[in-house]
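There are 2 protein chains.
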Amino acid sequence: MKKTIQKLDYLFSPRSVAVIGASNNPSKWGFGTIRNVLKGINNFRVYPINKKEKEIFGLKAYGKVTEIQEPVDFAVMVIPPQFTPEAMRDCGEKGVKSVLMISAGFKETGREGAELQDEVFSIARQFGIRVVGPNCDGHFNTESKLNTVGFDQAITGSVAVVSQSGNFGGHIIGEGTEKGIGFSKYVSSGNEADLTIEDYIEYLAEDDQTKIICAYVEGLKDARRFFELAKITTRKKPIILMKVGRSEEGAQAAMSHTASLSGSDAVHDAALQQCGVIRVDKVEHMIDIASALIRQPIPHGNRVGIVTIGGGFGVVATDACRRLGLEIPPLTDATVEKLNSLLPSRWSHGNPVDMTAVSYNAYACIGTLLKDENIDAVMAIGCMGYVPSVPPGLPEKLERELKAYNKEMMEGELSLLGGLVERIDKREKPLIITAVSKTDDALVLKELANQGFYTYKTPEAAAQVIAYLAKYSRFLSA
Amino acid sequence: MKKTIQKLDYLFSPRSVAVIGASNNPSKWGFGTIRNVLKGINNFRVYPINKKEKEIFGLKAYGKVTEIQEPVDFAVMVIPPQFTPEAMRDCGEKGVKSVLMISAGFKETGREGAELQDEVFSIARQFGIRVVGPNCDGHFNTESKLNTVGFDQAITGSVAVVSQSGNFGGHIIGEGTEKGIGFSKYVSSGNEADLTIEDYIEYLAEDDQTKIICAYVEGLKDARRFFELAKITTRKKPIILMKVGRSEEGAQAAMSHTASLSGSDAVHDAALQQCGVIRVDKVEHMIDIASALIRQPIPHGNRVGIVTIGGGFGVVATDACRRLGLEIPPLTDATVEKLNSLLPSRWSHGNPVDMTAVSYNAYACIGTLLKDENIDAVMAIGCMGYVPSVPPGLPEKLERELKAYNKEMMEGELSLLGGLVERIDKREKPLIITAVSKTDDALVLKELANQGFYTYKTPEAAAQVIAYLAKYSRFLSA
Numbered sequence: 006m007k008k009t010i011q012k013l014d015y016l017f018s019p020r021s022v023a024v025i026g027a028s029n030n031p032s033k034w035g036f037g038t039i040r041n042v043l044k045g046i047n048n049f050r051v052y053p054i055n056k057k058e059k060e061i062f063g064l065k066a067y068g069k070v071t072e073i074q075e076p077v078d079f080a081v082m083v084i085p086p087q088f089t090p091e092a093m094r095d096c097g098e099k100g101v102k103s104v105l106m107i108s109a110g111f112k113e114t115g116r117e118g119a120e121l122q123d124e125v126f127s128i129a130r131q132f133g134i135r136v137v138g139p140n141c142d143g144h145f146n147t148e149s150k151l152n153t154v155g156f157d158q159a160i161t162g163s164v165a166v167v168s169q170s171g172n173f174g175g176h177i178i179g180e181g182t183e184k185g186i187g188f189s190k191y192v193s194s195g196n197e198a199d200l201t202i203e204d205y206i207e208y209l210a211e212d213d214q215t216k217i218i219c220a221y222v223e224g225l226k227d228a229r230r231f232f233e234l235a236k237i238t239t240r241k242k243p244i245i246l247m248k249v250g251r252s253e254e255g256a257q258a259a260m261s262h263t264a265s266l267s268g269s270d271a272v273h274d275a276a277l278q279q280c281g282v283i284r285v286d287k288v289e290h291m292i293d294i295a296s297a298l299i300r301q302p303i304p305h306g307n308r309v310g311i312v313t314i315g316g317g318f319g320v321v322a323t324d325a326c327r328r329l330g331l332e333i334p335p336l337t338d339a340t341v342e343k344l345n346s347l348l349p350s351r352w353s354h355g356n357p358v359d360m361t362a363v364s365y366n367a368y369a370c371i372g373t374l375l376k377d378e379n380i381d382a383v384m385a386i387g388c389m390g391y392v393p394s395v396p397p398g399l400p401e402k403l404e405r406e407l408k409a410y411n412k413e414m415m416e417g418e419l420s421l422l423g424g425l426v427e428r429i430d431k432r433e434k435p436l437i438i439t440a441v442s443k444t445d446d447a448l449v450l451k452e453l454a455n456q457g458f459y460t461y462k463t464p465e466a467a468a469q470v471i472a473y474l475a476k477y478s479r480f481l482s483a
Numbered sequence: 006m007k008k009t010i011q012k013l014d015y016l017f018s019p020r021s022v023a024v025i026g027a028s029n030n031p032s033k034w035g036f037g038t039i040r041n042v043l044k045g046i047n048n049f050r051v052y053p054i055n056k057k058e059k060e061i062f063g064l065k066a067y068g069k070v071t072e073i074q075e076p077v078d079f080a081v082m083v084i085p086p087q088f089t090p091e092a093m094r095d096c097g098e099k100g101v102k103s104v105l106m107i108s109a110g111f112k113e114t115g116r117e118g119a120e121l122q123d124e125v126f127s128i129a130r131q132f133g134i135r136v137v138g139p140n141c142d143g144h145f146n147t148e149s150k151l152n153t154v155g156f157d158q159a160i161t162g163s164v165a166v167v168s169q170s171g172n173f174g175g176h177i178i179g180e181g182t183e184k185g186i187g188f189s190k191y192v193s194s195g196n197e198a199d200l201t202i203e204d205y206i207e208y209l210a211e212d213d214q215t216k217i218i219c220a221y222v223e224g225l226k227d228a229r230r231f232f233e234l235a236k237i238t239t240r241k242k243p244i245i246l247m248k249v250g251r252s253e254e255g256a257q258a259a260m261s262h263t264a265s266l267s268g269s270d271a272v273h274d275a276a277l278q279q280c281g282v283i284r285v286d287k288v289e290h291m292i293d294i295a296s297a298l299i300r301q302p303i304p305h306g307n308r309v310g311i312v313t314i315g316g317g318f319g320v321v322a323t324d325a326c327r328r329l330g331l332e333i334p335p336l337t338d339a340t341v342e343k344l345n346s347l348l349p350s351r352w353s354h355g356n357p358v359d360m361t362a363v364s365y366n367a368y369a370c371i372g373t374l375l376k377d378e379n380i381d382a383v384m385a386i387g388c389m390g391y392v393p394s395v396p397p398g399l400p401e402k403l404e405r406e407l408k409a410y411n412k413e414m415m416e417g418e419l420s421l422l423g424g425l426v427e428r429i430d431k432r433e434k435p436l437i438i439t440a441v442s443k444t445d446d447a448l449v450l451k452e453l454a455n456q457g458f459y460t461y462k463t464p465e466a467a468a469q470v471i472a473y474l475a476k477y478s479r480f481l482s483a
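Going line by line, the protein sequences match chains A and B. Position 125 (the first sequence) corresponds to 130 in the numbering used here; numbering is contiguous. Position 447 (the second sequence) corresponds to 452 in the numbering used here; numbering is contiguous.
Just chain A, same shape as in the assembly (with noise of 0.2 Å):
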């Protein structure tokens, strides 16, 4: 294993964090600082630094990493700036193997902040520490439990995410989380002036946590380095990137932000393509996109079969996959005559495929456009966990006899599910799920969820799932 990635070991799963800042003071940032990193106390021990306080949070607080008697591994820096190179040394003399610094203000502002961030990082290069930052906002490790950021809501899972601004990494960790999806890693870069982007999906292309990597990109540092390292990496994992700056505009805020250089887009744009990096413009796309390739199957080309509850979302969900290059094919003949079979007579007869308002064969006729050898995908929109509302003021046996129905409605969806999913995996098709009538009682949304199948808003957004999956296995069988 390459030095690098030994070094990460110690910044995700220390053995010991000293929290150099850490405050009693809700007011300071080191006060949520040592809050978040005590919620992992059990998987490792915890040191607080401060200058001035006894105790913090019931332990005992040092004055300076090089007063603990036991190894650090790892240390997270909350101080103001200037104090930054004196905490470096000591934590290199402590023999501190790896520091993420949320302390800003240096290079990003101006001349002497990158005259004082040269200072911190020769000392840091002397004594061989790694380091995150500065101006960051943290990391996370759902595995170790350390967590130097916040973000409670987040859960164990599979997505890991790297990004050069805190609160967009924010951003995507929320909105990922709202999906339901869970996440391995969380790192907000900084400046970069030690590990860059680079370092750290080199580092999670070998983590066995991270089945997909997310990054937010400004600029990048290396940009060879980053294709190369794509390159492999792709074959792999994907690679999910939001590389903003793409505006003029928006690559001068960037610098501002991250002294970052954004670099021709257009350029951007090829090799990325080149490298098979599934690349988006919204954090809605990367959620999204991610959370299809956790589970479901690639497709094997570009053609889609919708199936809808409603002739509307059929039409909608046709443009939709049209506009984004998709193929609406034809239905076999053994396709028609098998749903002739499972639908009312004034069923659409072609593709889409419009229930019309009819759900209760929509499991047979899902599976029936799986098997059609004419279709790489199939889109399900408003035909799967549906249940009826139960409005107040029924009277009692109104009541029971409605909700009886939806849950034997439900129990029926349930015992399909198993089957579903085995014609999913057997055919190598993805099923992507629109969810209209999302409530709290479809039990099978919640189930699909679960076994990692998760549903989208809207038509439009299901299309853009396909399309992402579509092209992504064009590069892998490229």
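Read the hints as simulated data drawn from the structure, not as lab findings. Don't be surprised by glycine CBs; every beta carbon is placed ideally from N, CA and C. Hints may contain errors.
To be verified - No more than 25 Å apart at the CA atoms, straight line, and that leaves these computed lysine-lysine pairs for BS3-like:
no. : chain 1 : residue 1 : chain 2 : residue 2
1   : B       : K343      : A       : K184
2   : A       : K402      : B       : K65
3   : A       : K33       : B       : K412
4   : A       : K462      : B       : K184
Stated by the list, open to error - Derived, one-sided and incomplete: chain A residues facing chain B with beta-carbon distance under 8 Å:
no. : residue
5   : F232
6   : V288
7   : H305
8   : G387
Please build the complex by placing chain B on the supplied structure of chain A, with the hints as guidance.
For chain B alone, coordinates are given in the frame of chain A:
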């Protein structure tokens, strides 16, 4: 007032309603319909019609409409298609003014259905009855409380929705309700054998309850009339249109769904633009722009001032604005000087304004941008309504302190709100807010929504809203 418009008053605000096909059986559509209609029983009389039942939901059931003693303004028909000619004749003899036909199995199913449709509608014409549908999902009026469709969650407001798809109409109402916006009237227009999208728009243009018209359209029966109407209407209230069938395959699906001819998309697009119709491709865009038009001023141009809690959001927002043709102008010297006095020295010193994680002067910064003469609209990202989470398990005293701190912050924001709204109105510049860390405790965002200022989920969504507003402004001032 035109005749059509008068007849539509009977449709939306009748004094009495017959439900032809009302049922006690939850598996029948007529069960849901009578249940929905009964919610408004304090505002109009309700007569269930069913040939077999004596009583429905405690009300006397009639065998046919002509058995009712009192006058009947409006009837909803939810019976098998073969019984509709007789029922329509009964309505004619009884003097019913308007009928809504949920019943399906007409032109959308082929030649036989088309013949039956012709038969029913020649009876309706003979008696001068104006008819919604057939093959529609129902309608509602939040003022009269008449509801034949469900969507119980919809609240009263100023947005009207007309939809050629029942299921997509429900999707629009659902997404809108989730955003917190209220609706005036809704109608699912079905096959449009009599009343068409043009009739509804003509009616809604004159409707005092309605400030904004949203329409989902698969095909226009009388495109010339539509464009003439739109040209006049958009001068007094915006029309937001989702016209599908853009792709050939989508157009075919529309034909099979509601027998609509989509027409040439390029021709439609140009004509819609000329008429000031706001054309959208996604339901999210429809809801986002509708919500902005409820209360925000229309900007005078397309120059956007951006203020963010952190740099990453600024870069993303700048890229998104540029992609949509919006300008990110430099700040005036006066603005820079003012911001120097409000922000730490490390602020970005340009547009986008990066407050660098310091939000205490956010309202003053936003106010400063609203005042800048080079700026037509302000986008604020993550700098309003932010409430840090108070994690469980803190020492009691600290928890108390943190909560007090949050409360104080929110009260501070609430006290500034009036002044901010005044500036928005005075400068006639919209303030489009991205709330990236929305929590239940963010009272200021709730209060803004109460006053008609909604928030958007991502910088990209906010940019899209401003782009639509700027385009509409160009039309209005041309």
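Hint check:
1. Restraint check: the Cα-Cα separation between B:K343 and A:K184 comes to about 41 Å, which exceeds 25 Å; the hinted pair is violated.
2. This hinted pair checks out: A:K402 and B:K65 have alpha carbons roughly 19 Å apart, not beyond 25 Å.
3. Restraint check for A:K33 and B:K412: satisfied, since their Cα atoms lie roughly 18 Å apart, inside the 25 Å limit.
4. Restraint check for A:K462 and B:K184: satisfied, since their Cα atoms lie roughly 14 Å apart, inside the 25 Å limit.
5. Because the beta carbon of A:F232 sits about 21 Å from the nearest beta carbon in chain B, more than 8 Å, this interface hint is broken.
6. With a least beta-carbon distance of about 6 Å to chain B, the hint placing A:V288 at the interface is held under the 8 Å criterion.
7. Interface restraint check: A:H305 against chain B, minimum CB-CB distance 21 Å, threshold 8 Å, status violated.
8. For A:G387, the interface hint holds, since its Cβ comes within 8 Å of a Cβ in chain B; the closest pair sits about 6 Å apart.
Violated hints, listed in ascending order, are 1, 5 and 7; each of the other numbered hints is respected by the structure.
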